Amino acid sequence: MKETEKPEKGNQIIEEAAQAEYKYGFVTDIETEVIPKGLDEDVVRRISALKGEPEWLLEFRLKAYRYWLTLKAPTWGHVHVPDIDYQDISYYAAPRQKIASDKKEIDPELKKTFDKLGIPLEEQLRLSGMAVDAVMDSVSVKTTYRERLAELGVIFCSISEAVKDYPDLVRKYLGKVVPYTDNFYAALNSAVFSDGSFVYIPKGVRCPMELSTYFRINAAQTGQFERTLIVADDDAYVSYLEGCTAPMRDENQLHAAIVEIIVEDRAEVKYSTVQNWYPGDKDGKGGIYNLVTKRGLCRGDHSKLSWTQVETGSAITWKYPSCVLKGDHSTGEFYSVALTNNWQEADTGTKMIHLGKNSTSTIVSKGISAGHSQNSYRGMVKIAPKATGCRNFTQCDSLLLSDTSGAHTFPVIEVGNDTSVVEHEATTSKINEDQIFYCNQRGISTEDAVGLIVNGYAKEVMAKLPMEFAVEAQKLLSVSLEGAVG
Amino acid sequence: MNALQQYIDLFDASRDVIEQQSPELLNTLRRAAREQLQDARLPRKGSEDYEATDLEAVFAHDYGVNVNRLPFDADLANTFHCDVPNMSTCLYYTSNDAFHSSATAERNIGQVVVEPFSMAAVDYPELMSAYYGKLARMSDPTVALNSLLVQDGLFIYVPDGVIAERPIQLVNIFNAALDMMVQRRLLIIVGKNASVKLLACDHTQSPDYRYLNNQVVEIVAMQGATLDFYDMEESTPLTSRVSSIYVDQHEGSNVLIDGITLINGFTRNNYHVEVNGEHAETQLLGMTIASGEQHVDSHTFISHNAPRCHSNEMFKYVLNDNAVGAFAGKILVKPNCPRVEAYQGNRNLCGAPTAKIYTKPQLEIYTDDVMCSHGSAVGQLDEEALFYMRTRGIGIDEARRLLMQAFVADVIDGVRLDALKDRLHYLVEKRFAGTLSNCASCAQACRVNQEK
Numbered sequence: 000m001k002e003t004e005k006p007e008k009g010n011q012i013i014e015e016a017a018q019a020e021y022k023y024g025f026v027t028d029i030e031t032e033v034i035p036k037g038l039d040e041d042v043v044r045r046i047s048a049l050k051g052e053p054e055w056l057l058e059f060r061l062k063a064y065r066y067w068l069t070l071k072a073p074t075w076g077h078v079h080v081p082d083i084d085y086q087d088i089s090y091y092a093a094p095r096q097k098i099a100s101d102k103k104e105i106d107p108e109l110k111k112t113f114d115k116l117g118i119p120l121e122e123q124l125r126l127s128g129m130a131v132d133a134v135m136d137s138v139s140v141k142t143t144y145r146e147r148l149a150e151l152g153v154i155f156c157s158i159s160e161a162v163k164d165y166p167d168l169v170r171k172y173l174g175k176v177v178p179y180t181d182n183f184y185a186a187l188n189s190a191v192f193s194d195g196s197f198v199y200i201p202k203g204v205r206c207p208m209e210l211s212t213y214f215r216i217n218a219a220q221t222g223q224f225e226r227t228l229i230v231a232d233d234d235a236y237v238s239y240l241e242g243c244t245a246p247m248r249d250e251n252q253l254h255a256a257i258v259e260i261i262v263e264d265r266a267e268v269k270y271s272t273v274q275n276w277y278p279g280d281k282d283g284k285g286g287i288y289n290l291v292t293k294r295g296l297c298r299g300d301h302s303k304l305s306w307t308q309v310e311t312g313s314a315i316t317w318k319y320p321s322c323v324l325k326g327d328h329s330t331g332e333f334y335s336v337a338l339t340n341n342w343q344e345a346d347t348g349t350k351m352i353h354l355g356k357n358s359t360s361t362i363v364s365k366g367i368s369a370g371h372s373q374n375s376y377r378g379m380v381k382i383a384p385k386a387t388g389c390r391n392f393t394q395c396d397s398l399l400l401s402d403t404s405g406a407h408t409f410p411v412i413e414v415g416n417d418t419s420v421v422e423h424e425a426t427t428s429k430i431n432e433d434q435i436f437y438c439n440q441r442g443i444s445t446e447d448a449v450g451l452i453v454n455g456y457a458k459e460v461m462a463k464l465p466m467e468f469a470v471e472a473q474k475l476l477s478v479s480l481e482g483a484v485g
Numbered sequence: 000m001n002a003l004q005q006y007i008d009l010f011d012a013s014r015d016v017i018e019q020q021s022p023e024l025l026n027t028l029r030r031a032a033r034e035q036l037q038d039a040r041l042p043r044k045g046s047e048d049y050e051a052t053d054l055e056a057v058f059a060h061d062y063g064v065n066v067n068r069l070p071f072d073a074d075l076a077n078t079f080h081c082d083v084p085n086m087s088t089c090l091y092y093t094s095n096d097a098f099h100s101s102a103t104a105e106r107n108i109g110q111v112v113v114e115p116f117s118m119a120a121v122d123y124p125e126l127m128s129a130y131y132g133k134l135a136r137m138s139d140p141t142v143a144l145n146s147l148l149v150q151d152g153l154f155i156y157v158p159d160g161v162i163a164e165r166p167i168q169l170v171n172i173f174n175a176a177l178d179m180m181v182q183r184r185l186l187i188i189v190g191k192n193a194s195v196k197l198l199a200c201d202h203t204q205s206p207d208y209r210y211l212n213n214q215v216v217e218i219v220a221m222q223g224a225t226l227d228f229y230d231m232e233e234s235t236p237l238t239s240r241v242s243s244i245y246v247d248q249h250e251g252s253n254v255l256i257d258g259i260t261l262i263n264g265f266t267r268n269n270y271h272v273e274v275n276g277e278h279a280e281t282q283l284l285g286m287t288i289a290s291g292e293q294h295v296d297s298h299t300f301i302s303h304n305a306p307r308c309h310s311n312e313m314f315k316y317v318l319n320d321n322a323v324g325a326f327a328g329k330i331l332v333k334p335n336c337p338r339v340e341a342y343q344g345n346r347n348l349c350g351a352p353t354a355k356i357y358t359k360p361q362l363e364i365y366t367d368d369v370m371c372s373h374g375s376a377v378g379q380l381d382e383e384a385l386f387y388m389r390t391r392g393i394g395i396d397e398a399r400r401l402l403m404q405a406f407v408a409d410v411i412d413g414v415r416l417d418a419l420k421d422r423l424h425y426l427v428e429k430r431f432a433g434t435l436s437n438c439a440s441c442a443q444a445c446r447v448n449q450e451k
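Protein chains in written order, with numbering that gives the first Met the number 0: chain H, 0 to 485; chain V, 0 to 451.
The following block holds chain H by itself, in its conformation from the complex:
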């Protein structure tokens, strides 16, 4: 009987999903303070003033803004970002809380929103055992477990608070890994960034719980420009998770974030993302443009940075979480599953820049394309002449589920010495018909079989996710595939 039970259960998940389509697509009815659309120096000044920032940060923003004016949007990606009218976006939106803003209590409406998203903002809900920084539009709503973490010296708060409470730390590290001159979207973000998380793990501390930021876009016609900064001092360890959702809207919304990570001697940072922004409807209408710059600097010897990402949402994804392996014996990892369906476009991958001796890196990228979507892996492995004894292994596989979708790989390898070994492998094929037939034979419907095979295909990456996320991500994969099998 077991065989027949299984597909029923599987069907249930898919049916649920089919009814809900994108189940995070609701809008929270909350009064939001939105500054008028448009972007000029006054807007930058106003954002800075709204957040009560010091002079140096305003200077940083203005420099970034002036530099941004000289740039053109990049067109090299295998995605079709339409001409975005940057004057037609509001750059700051803050949900107006009815309760005083000392953050001891939060607006019940907001709490309800995050409950609905499955994000516990109440610390009584110990079960999840995860500290959360919840960000809605441009502001951080609540950061949980702050006191408990503070006992260990771990700083976990929104970046706006960090600017006020730890200005020296922020000033020391902000813009050091991703300078505002890095690219078009990084310059834009540096000029108008709103909220995000700041994490500092002091020397020798192993962060006892997973830290998590949950990003939510709610207000219409706004862009979200979050900024996250993570610093792991010598011998520290932290595992950080990031999740994101947005309501279903017909117009496209922009999300241009920067994540900077600094890893010192023997420290380790694990950064996991489950990206589930609204991908647009089945005709490709609406959805988030997810144009993100993420980079980590493994500054210390024996440091380690690991990126894991599950990308299922967004109309357009343009993101390359990278590692600059500056310390000797440092390690960079990148594990990615990118699933595109309907008219989604994803151009994602990584850069591993080996500068330190005997540094190693691993890249495993699994792309799945369905519907009319385009899915690209773009990566670079660079070994500097002085970085001797380096090792890289790259594997990027693509699975095509429809004859109208596309899968592409654009890797670049540059090796500057004779003691490093770099390997790259890539394959592209469609789902194995024999495997589907085998499942069919045993009473598993084609749709379930595809879900099963895709999950097996992505297992290598899923295994790297923290437990709570892995379950979520697995469900997400089968849901996103709904309707993809002809």
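Think of the hints as simulated: they come from the structure by calculation, not from any bench. You can trust all of the hints, since none of them are fake.
Sample of chain H residues at the chain V side, in silico, Cβ under 7 Å:
1. 411
2. 416
3. 421
4. 422
5. 426
Quantities reported herein were computed from a predicted structural model and do not represent experimental measurements. Note that the Cβ used here is the ideal one computed from N, Cα and C, for glycine as well.
Chain H is already provided as a structure; the job is to place chain V on it using the hints.
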């Protein structure tokens, strides 16, 4: 700086001379080429598809161009041999950019047509006008420059159903007492169910001068045609070469292109293959052995425009000293082309701390029912294998040579001419041993050695 400008100026100044000395057909493309070059710039290092290669710097040198087509050395057949033992070929020469035939060239008569454009324009005007300049893309400034200045070329035509018994051997020689740029041009048409093997080798006779070969090859393989094209370069450190090969493959055709670089200065090889018919098969092989300041950059693009095709690429580099190797390959499978199988491999041996390798293997797939893969690796010789050989009394240098030979062996084994295969194994062995002097493969040099 714009390196192209000097050649545009030269063209503007001597347009009449150039046009008078060329077949009329070649003049028809000059206007388009001139327009294309008006605002064009040669790619600099770091631009897309030129990660390691600076064409601007290559063309910047003040090369002489023989617009008046003065003859240099007419008696090539007697002074220069490039023999492959045990292989009887129909031998042709290109001295700089002028074409000469030799005594052995007569053997294929009645089967295969090999003649300069100036004759082909009279003998085969329809074929010439139907295919000349139709495949090469003028958007590439080096192709536009070739079309602008080219005054003659070589036309190879294998009529329908003809199986060429002997391979055609084309020896391209630089021999001039001045720095010189030439525009070599080839148009190869292999008719329905015809078959031919072509062996081309580039040599430089006077090593003290700088030469630049800006070459364009257009290949049309008709239904069921088979073409083997072995393109070997063994020149001097002062010789530069920019070669663009364009291939149009029809149904069931089979094309093998093998690019071998043993000694050179600067080389950029572009391969652009359009697979337009079902069941067509494409093989691109490449082997580079580079040391000193050699620079070899290969760029391949295979576009699968029809279902059920097969392509296979394998490029191997062995780099020592300050050599720079670059490989960029793209496989494109267009929509509605199921059952395409396309494989691409690039393996590199980096033998010195200062050698550099850039590789960019790419896939762009728009059909789901395909089997495509690429692999790329950069590494060193296996220490354990070296150790094993040393325990058996083989010296370290000898062991290295053996392993390097084994590394490139599978590219050589892809050659579909046994005699040439043996010869290549021999040449590669000598190259690794460092005893392959310039033109060592030439019969003349062998005779000189024997006399000693």
